[in-house]
Amino acid sequence: MKSQTGLLFALPALIVLFMLIAYPVAYTGLLSVTDAKGNFSGLDNFAAVLKPKVTVQAFINTIYWVFGSIVFQVVLGTLTAILLNQSFFGRGALRAITLIPWVVPGIVAATTWAWMFHTEFGIINYMLTGTGVLQNPIGWLTNKDTVMPVLIAINVWKLFPFVAIMVLAGLQSIPNDLYEAARVDGATFWEEVWYIMLPSVRPVITAVTLLLVIWGLNSITIIYAITRGGPANKTLITPIQIFRSAFESFQFNQAAALSVIFFAVTIVVVFIYIKVLSAQPGEAK
Amino acid sequence: MTAPAMDVSAQPKMKKPGLGWPVILIGSILVIVVCLFPFVWMGLSSIKTLKELYSVPPIWWPAVPSLDNYYKVLFESNIPRYFLNSVIISVGSTGLALILAIFASYGFARFDFKGKAFWQAFVLVGQLLPTAAIIVPLFITLRVLGLVNTYWGLILVYMIVTLPLSVWMLTSYFKAIPVELEEAAIIDGASRMGVLFRITLPLSLPGLVAVIVYAFVTTWNEFIFALCFATDSSVKTLPIGLAEFSTEFNTDWGAVMAASVVMTLPIALLFLVFQKMFVGGLTAGATKG
Chain P
1 MKSQTGLLFA LPALIVLFML IAYPVAYTGL LSVTDAKGNF SGLDNFAAVL
51 KPKVTVQAFI NTIYWVFGSI VFQVVLGTLT AILLNQSFFG RGALRAITLI
101 PWVVPGIVAA TTWAWMFHTE FGIINYMLTG TGVLQNPIGW LTNKDTVMPV
151 LIAINVWKLF PFVAIMVLAG LQSIPNDLYE AARVDGATFW EEVWYIMLPS
201 VRPVITAVTL LLVIWGLNSI TIIYAITRGG PANKTLITPI QIFRSAFESF
251 QFNQAAALSV IFFAVTIVVV FIYIKVLSAQ PGEAK
Chain S
1001 MTAPAMDVSA QPKMKKPGLG WPVILIGSIL VIVVCLFPFV WMGLSSIKTL
1051 KELYSVPPIW WPAVPSLDNY YKVLFESNIP RYFLNSVIIS VGSTGLALIL
1101 AIFASYGFAR FDFKGKAFWQ AFVLVGQLLP TAAIIVPLFI TLRVLGLVNT
1151 YWGLILVYMI VTLPLSVWML TSYFKAIPVE LEEAAIIDGA SRMGVLFRIT
1201 LPLSLPGLVA VIVYAFVTTW NEFIFALCFA TDSSVKTLPI GLAEFSTEFN
1251 TDWGAVMAAS VVMTLPIALL FLVFQKMFVG GLTAGATKG
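In order, the protein sequence lines correspond to chains P and S. So that you can map any letter, position 113 of the first sequence is 113 in this note's numbering, and since no number is skipped, the others follow by simple counting. Here this note's numbering = 1-based position in the second sequence + 1000.
Just so you know, the hints here were simulated from the structure itself, not pulled from any lab data. Just so we're clear, the structure is a prediction, and the values are computed from it rather than from any experiment. Be careful, since some hints might not be right.
Some, not all, of what chain P presents toward chain S, calculated at C-beta under 7 Å [unchecked claim]:
(1) 14
(2) 15
(3) 252
One-sided excerpt, in silico: chain S residues whose CB lies under 7 Å from chain P [as the list claims (entries may be wrong)]:
(4) 1035
(5) 1040
(6) 1087
(7) 1100
(8) 1113
(9) 1202
(10) 1221
(11) 1223
(12) 1269
(13) 1274
Derived coverage of chain P by chain S (criterion: at least 3 residues anywhere in the stretch with Cβ under 8 Å from a Cβ of chain S; other residues may be distant) [what the hints assert, rightly or not]:
(14) 66-75
(15) 95-102
(16) 108-119
(17) 215-225
Each residue gets a CB set at the ideal place from its N, CA and C atoms; glycine is no exception.
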């Protein structure tokens, strides 16, 4: 009797999510092994998408993009969290300001940064050449060596606030007696950071890092809005390749095959994420 | 180990080591500049004339602030229509997500049932799914249902982005409310629904606000689903409108910056008003549970 009631409450949400997630996932699987007319075609689609060099390049770009972003997001986010964990005047305001890049629309961040990185009229080239750091303006978004680092920098700017706020919450839940014990032993501030703060927030950092991996694998907005994968496919990551083969070349079946491969990789990360989360003591059950 | 340190009550509080004030000051200024400079530049660019925008070297302050870009955005483009579409779709999907999440979270927080752990994990997986991997079948599904280029299509699809985290946040909020309050009401003859709406919901107001802000902000900002499922200008949302301003060879940067301001203002206001509750609701699930 009681067991029915709980499920009844959850049912509407579960039905909606099932319809929007389980069904499309199954359907992607079906699309990936059929041709455009719906006939079974075995692994032809997979062979067709894996053959071109561009797929491999997109995979490498994706790894570059995800890991390049995460390293800086986690390091800068944690440093900001340690700063925000100090008590000083205006801390609340600073915390709110820190979150702003994360809250604003990704497309606004993308276009504003694209304007700032503009080769001729951009403020960044002006500041760098004006102060003598650079001799000549750089085509940040058209030069194939600088475009990916620049996009990664924008992505770091967008998401380090999220890391900061999560790590900050972790720092604030550290019991005071841990600090007091260290102070009795005469620990300096950086010793406290190293031996108390970082070990205590390690579970939070692990969880946030995995979440960032998943978001990184998902992110299309910034790259699509600024370069659409160019120049010369230098910033083409797999999600954008899927999007373009489906909605620009209308190769739905090949896009599905690529989705299945991509999905398999992501699900491994998600699986690790859930395992790590459930292994954490004191976590919501 | 010093003897006075043992006598805690008599001893004044031990000096807390921390960052020195110069480090805090420099760090704070750095964070403020990094986080806010793009918006300052966006605002300044939006009130410059074409000539001032395209000058080398760039001009910091416009000689006379000009509202031409705003005029262009508000009266000569589709942006007002897209703004309306965004409001309708964000409000609709936030409302729907809130209703579904309230019931689901209450079920998860207050009852034990078969397969509960599985269903909770299922909800969480939804949040983590690669969007790119499901846009193709979602598009086909929406086409079959006749929901491509409709408000309902996007509202429904946005459940994928908003519902999982909403359920997660609200479940931990409901769990924090003492169950005895509800039991007392039930003994007094209240129904389950009565308990939910008269006791649990009023007590979890901060959690509800967090969910509303989160859902609204996420749907307002969402780009890729809107790009795929809303191709007609009658349903296009603001992010798509903004992307339309910049074509590959010719971008009207003044108008883009003005449109960016128009698009960012509602989100910035909403966030600044509710930021405490929002952050509280968001981090509660991660650290307490």
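Hints and how they fare:
no. : hint    : verdict
1   : 14      : holds (6 Å)
2   : 15      : violated (9 Å)
3   : 252     : holds (6 Å)
4   : 1035    : holds (5 Å)
5   : 1040    : violated (10 Å)
6   : 1087    : violated (14 Å)
7   : 1100    : holds (4 Å)
8   : 1113    : holds (4 Å)
9   : 1202    : violated (18 Å)
10  : 1221    : holds (4 Å)
11  : 1223    : holds (4 Å)
12  : 1269    : violated (11 Å)
13  : 1274    : violated (11 Å)
14  : 66-75   : violated (count 0)
15  : 95-102  : holds (count 7)
16  : 108-119 : holds (count 9)
17  : 215-225 : holds (count 6)
Violated hints, listed in ascending order, are 2, 5, 6, 9, 12, 13, 14; each of the other numbered hints is respected by the structure.
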